[in-house]
Amino acid sequence: MFSNFGSILVVGGGIAGIQACLDLADSGYFVYLVEKSAFIGGKTAQLDKTYPVNDCPFCIRYNEHMECASHTNIEVLTLSEVKDIKGGSGNFKATIIQRPRYVDIDRCTTCGLCAEKCPAKVNDEFNEGMGKRKAIYLEYSRAVPNGYVIDKKNCLHFTEEGCNICREACNEKAIDFDKKEKDITLNIGSIILATGFDSVIPSYYDYDKFSNVITSMEFERIMSLHGPCGGHLIRPSDRKEPKNIAWLQCIGSRDIQHNYCSTVCCMYAVKQASLAKQSNRMLNAAIFFMDMRVCGKDYERYYNRAKDEDDVRFVRSRVHNVFPVDGTNDLLIRYADEQGKISEEIYDMVVLSLGLEPSQDAVKLARGLGIGLDKNNFIETSSFAPVNTSVPGIYACGAFNAPKDISESITEASAAACASLLNMAVSKAALYDESLEKTWQKPVSTGLVVGGGVTGMVSCLCLADQGYKAYLIEKTDKLGGHALKLRKTFKGEDVTSYVKELIDKVENHPLIDVCFNSEVKHTDGYAGNFSTRIAISSSTETKKIKHGITIMSTGADFFRTSEYLYGKNPRVLSWFQLDKMLDEKPNEIKKANAWVFILCVGSREPERPYCSKICCSNAIQNALELKKVNPDMEIYVLYRDMRTYGLREGLYTDAQDKGIVFIRYKLDGKPEVEEDRDGRLKVRIFDNILGEDLIIQTDFITLQTAIVPGNHDNLAKLFNLPVNQDGFFKEAHQKFRPVEFFAKGIYLAGLVHSPKPIDEAISQAQAAAAKAVTVLSKEYITTSNEVASIDLKLCVACLTCARICPFGAVIITGMGEPYVEPAKCRGCGICVVECPTRAMVLEHFKNDSILTKCKALLEPFMGYVQ
Amino acid sequence: MKGKFEPLILAFCCNYCPSCSADLAKSAKLQYPPNIRIIKVPCIGAVGIIHILKALENGADGVCLMGCLEGKCEYSTGNFRAMKRVQYVKKLLGKLSIEKERLELYNFAAAEAYRFCKLAREVTETVRTLGPTPLKINNSKI
Amino acid sequence: MIVGQQKDFDEIKKMISAYSRILVLGCQTCVAISFAGGMREVEILASMIRMDRKMAGQDVEIKEEAILRQCDFEFLDSVKDLVAGCDVVLSLACGIGVQAMAERYPDKVILPGLNTTFMGVTEEMGIWSERCAGCGDCILDKTGGLCPIARCSKGLLNGPCGGSVNGKCEISPDVDCVWQLIIDRLKALNQLEKLEEIFPIKDWSVSGHGGTRKIVREDLTA
Amino acid sequence: MNSNEWVFDLAISSNDLDPAFKFEIANVPGNELVKNCFTCGACIAACPVSNACSQFDPRKIIHMVILGLKDQVLSSDNIWCCSHCESCRFSCPQGIHISEVMDALQSKAVSDNYAAAFEKFGTAPCKAACPAHISIQGFIGMITEGRYRDGLKLIKEEMPFPCICGRICYHPCENKCNRNKVDEPVAIEYLKRFLADRDLAGDINYVPETEEKKEDKVAVIGAGPAGLSAAYFLAIKGYPVTVFDRLPVAGGMMAVGIPAYRLPRDILRKEIKTIIDMGVEIKTGITLGKEITIESLRNEGCKAFFIAVGRHVSRGLNVKGENLEGIIHGIDFLKDVSLKGKVSIGERAIVIGGGNVAIDVALTALRSGAKEVRIVCLEGRDEMHAWKYEIKNALDEGIVIINNWGPGCFIGKNGHVKRIEFKRCIAVLDANGRFNPQYDETELMTVEADTVLLSIGQACDMSFVKGVPDLEVSPMGPVVKDPFTLETNIPGIFVGGDASYGPRSVVKAVASGKDAAISIDRYLKGEDIKAGRSQKWNSIEFEPQNVKLADRQQMQCLSIDRRKSSFEEIDSGFSEQQARLEAKRCLRICGTQGQGLGVRDQGMTNL
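Chains as they are written, first to last, in this note's numbering: chain A, -12 to 853; chain B, 11 to 152; chain C, 55 to 276; chain D, 77 to 683.
The shape of chain A in the complex, shown without the other chains (with noise of 0.2 Å):
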């Protein structure tokens, strides 16, 4: 059916991993997915709901799983290690032990009779070892692939010789003991690792010895409806209520032995936290960190709303261990706040927020394969190829690359998909299921691009590199956006040369239209078959344009403030005016005696209220830079929470080490900047540990001033694309479908979304090209079966039906009536109910046929007397 050469091997069957294989195996390629347990999901299985939007991960990705456990183009090995690769990009060779089952999945009905009679009885450590399974089990109902597996380690088969009780009990006799562990060798081009993490596992905090000191993803599992607990609450040792929780955060993460922030936590913790309020208003409910770093999307907001209506906590310390009360299974806390004030309290419950580490195994696969990894054994990537690891041809997303949340695994897992196939020459797969009822109409294999910055540029190249053909739409007269402002980014690398390339690179691609001084006027259509009209400022002509998909990059804007005397004093920099400063004056910098840095200006407010992401690394990258041309400046950060996420974390412990100093101040304690007669600048501060006012004479203010979003109502409107509470594009699913709007074949990538580094934009621009490839490369646009339709006798025109579709289906054309395009209606029904004159129908769902439905359904039971 499909030659293996030119195939990808996806090693982890995580989130990521199952992403990545969809996105490839959608786009035409053949896929291999190793994992080594029996069941792919991962650790997000495991979770209970996820931030900030509390879905349940589960319920949202089965779809995705049973997807790519059935997909032609993927081939799932469960059970399955990588054993050694050979070879070079391109034409890799990988063996791979994959170990025995015992049970046959075609066969096995999941009735469950085996793993009722199994005498064998373990920890389900699905379950985080709480609760238990027998030898032979599913690791939840509904788990993927569908069939039992013998846990050969502790099957009384193995064990004690000759336990078939199993055996006998399965109808299908699906069960074999006789299967032995297989080597397949696989012939592969590309190689993407999503290995995933180990929990820290705690050394301290007595974890062992108290039954009530969990850990964060124990409290998952209790949380969980399908958890031990059934979704209540409770705790381990007495399975009572907890009154108190505790949560300790920052364990296994930003100490001597790992000098990296895990990124998650708090916002987990957080969720944790909430959710348990919400479960028991009654509850006591207290988080203990360091800096409350919730710095991705909404998740300020989510924070924010924990604190201020779930009543949680918030205690900035941290707390070195945990007591046992004498004769109870309490826990007693003891802390000291910002005052030095030491508080004892005591919890029924503490849960311990652990870090992310890179998962052992990959470890150590990594190294084999001679991957680079940093000192915390991540993987080295650049900023600019964030999925690239040192090895051609191999490939890494998700949290092995650096500490991560789901969202940012899934982007990045696109954009391992997208470089994986930029990296290969290969013949695609077998095509698509021939079932599937179709239009006959072949998607334009053309890509829009709006916003030409470094998002819109890698679009427009993995796009055109891929061999379609792309028009990138940029409002300026010249491409690089924000980027052309930077410098650095936070490993060092040099953004200058990089965007300097990259537009070089886009300007001569044979397969990119770049279109400057140029706005989006109209569009029309749906994925596959859209077409715009662009308007260029020089010509009062207007351009058509026909494209496949579109992928929405305009970025984001800074913050004008009026505080701080910025705009008053020539000496209050906004940080752009630093980096320009720091390229072009540098003998100033070296007259300088000090420096202060404001972060949070216009972030975090109630305004604004969002972290912007980016300023605190920047500062701390700035204020090193100033370091190095003047290593006697004395620098003041002023800071509210230092949120250097992730291995960005390395930059806080390195500005401590060169000797710049942070003072933290509160959103009720702000800074106050005053120019003295002699036009000298001071900045005043609170600060908190000493409990004493500083005056710092200054030299420079620079202020991190907010990431705001872009002009981009009137592309909203014409693309009929939600925006959310802050003016940023709101896309599909926050946390499962990052860079994809609800309207299918429009994308969107970088500051659109939110504000972020350059590295996760990139990966953003690599996702969504992915992803628009998975449309483009397609033989035939496809249509959902159910369409609605409209009897333009009927309709009114009252315009209901293009007000309420979730997908922007129907439009009102010129003539004031209104047209359904079938490519974008999904079949909801949701217009048909709210039609004022019932012109609407859909033809599966008819108004009549389900009223009959129900009649039929009403009548009395069979033998039920009246």
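Simulated from the structure, these hints should not be mistaken for lab results. Note that this is a predicted model, so its numbers are computed, not measured. You may find that some hints are simply not true.
What the hints assert, rightly or not - Quick list of simulated restraints, FRET-style, between CB atoms:
1. Q153(C) / P596(A): 51 to 57 Å
2. V283(D) / V312(A): 46 to 52 Å
3. S549(A) / G171(D): 41 to 47 Å
Glycine included, each C-beta is placed from N, C-alpha and C at the ideal position.
Fit chains B, C and D to the supplied structure of chain A, relying on the hints for placement.
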């Protein structure tokens, strides 16, 4: 001849998560009362006021809507609309002096077979306690 | 657009209590768009009436229909047979439609199912607000396209009054002070000087206060 | 606010800050990380002093250092509050060693004339008394908190043999324990043992982290406690170390001197294994001067040497009949028992000597088949060198101790000892306090015995000198030029342990090995070996008040009968509960020298 009252409940069930749960319940051979009759709809947002009313008019003792979890709607906001709509219909039922408890909206995740069964039992019990729909009682008087 | 709102069900119930053959007749124009009297609403109301009667143990025969416009006699003929077959017509049209029906079918009892509320716009799905009071003497040119007669609680011509607080009307913090809006708009249009002009006393004679209005266009009449 | 107002307010101005201050402190070795404070406050909550008195805020002090508030910090009483208990040692996520910071600040305060040098480096009496200066309050605090691994780590920062020393140490710390002033001292030794035993019983034993591997090789001669300690600390520093010993087993006196009933051999092996796990190579059965010489080792690339050959030769009595059969040297006897298992001796044994070794020999004799064992020594009961509790143990097991007698001569029959004649000893020391026993030659006592065990002192076997021909030696052993650095006349060669200062305890040997390791590290790095070495540990007196009385936990012991019949370990160790209860008895804040802070009056803290 009077037997024990067995309520008839019509469940509009979104084709996504709740149907998954219902199917899962079936495939796991979990027991739920036969009183629940399920109509699958593409989205719970596609169930109109009229559908609910018609169900009651046609003699359902109870009606329930089963949608996906909040924020989880495959069609973005269908379940949210259903929620608003149910509130509205409850008001209408008030006007008709029909117990509002006969109508309820539930939100499901995809794998909540147990919860599905549990709710099915609960709903049946609730309606059983309410007794037959007032439409039937009075009608039988004629 | 004319915005209507269905009457309270109890009121409708009382109105129709004496009848057992009822035609619920919707109008598919303005009131359909304002979700008060289109086919959708007809079905719902009909279903409710049936249930209500059923519970009371009374028989009822209900016909459901909606026509394009009840305010035009020509459309009314299409329901002639239906009207003939019922005791009463419950019209879900605006007041105009109800009267037109009554005029066309003088022998029939025509009952209003709606309260005709105002002329307004759909602000967004499910929210309508008044825009025009039909005063017969439009001054929108002077007020930046915002009508103080329809939208100022006091109908002031030289506002705002002292009750305007933070841009809201004193009757409710949910109601914008239209005069504030007018000023903002004019400011944006750079036409603030228009406000310096004192409005002359308005000619209310062309409004409804001058008696039933009638317009005759000679060029159009037969 | 306008600038005029600012002029008059009391805020700290950056003009008053000394930006160099943080670097000054960070440049003191051990303080490198001070600038990395996250201001998380973990140190405060862990600090028993802060808990007793809120003014002491280590985080604030560090923050002030970072800000550069030099005058304020150095003139503050607060910097003198730290008791160096190390309770916070592992609390700081950034690994700031707070007591080192306080040391640096105190030194600075003294050198910059902010304070008189009063009780510099003062600490708790127990820590000061311990030759290895283990942070006793710290590890005890960690026991109360259940941080057993941390507690062990803390001990292992100062010494590699907590399991061994938790059994056989003479615990000078307990003698100084302030708890003595209230009721009984805290059972420090047993608590240490508790931590170490617990670790060894676990699946994964604690192995200290070692620094990045260095090039320069170090050779250690003698795998006794001193040699192994030196190897241990050098391994932590990353040096490749090889330890040579001429005995067939590693451990020195710990392996061949201390009887197994006091120190089970598997314990010893495990603790030595930890050192091997750290990368130290131990070669047994190799004698310096025979198989190897310093020269040959130098040729193999060794850059520095530590000689700790110990004292494994028994002194003679110089008494008539000393060479009769049946007269055995005590340490040889112990060695034989240790290496061969059982050694048969006669039924009636006499042990001559009054030290700890004599007691060990007597008890070992009892276990080796002697029916009747008597100890005869010069000293009166109260003057005996053996520890009181050792004497008690011996008496418990039925050993008879005969005091104030010295051996006159041995009388044999057929070449085998039969009787011993003792003469009354009237004084052990002369007027100058030197060992010079005086006898009343008229008062004699004759005792029948078929075995005599001599335990009257040990000497150094000087044969190793053949391997180090230029080393300066005295009849007592190798000559140490500086007792703090352990340097000899040859650069790069250091000596320590019993060989250099006479027979002492394991813990003393550990201290010696540790000193040698510091010297060797500095020597190899080319640093000043002497700098700061003569540091004295002052114990700070403390009058506990309002302390609730609590009994010392009693160790579970073997019955007397079981003891006599086997080499089974006598003490079974504390249970976890006992350990926690015992740990709670520690006052925790001894060693604070803050003035007028009320710390001293606080007595028991709420920890």
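Taking the hints in turn, this is what the structure says about them:
Distance hint for Q153(C) and P596(A): a CB-CB separation of about 54 Å, consistent with the stated range 51 to 57 Å. Between V283(D) and V312(A) the Cβ separation comes to about 33 Å, which falls outside the hinted range of 46 to 52 Å. Between S549(A) and G171(D) the CB atoms are about 43 Å apart, so this pair conforms to the stated range of 41 to 47 Å.
Comparing the model with each numbered hint stated earlier shows that hint 2 is the single one that does not hold.
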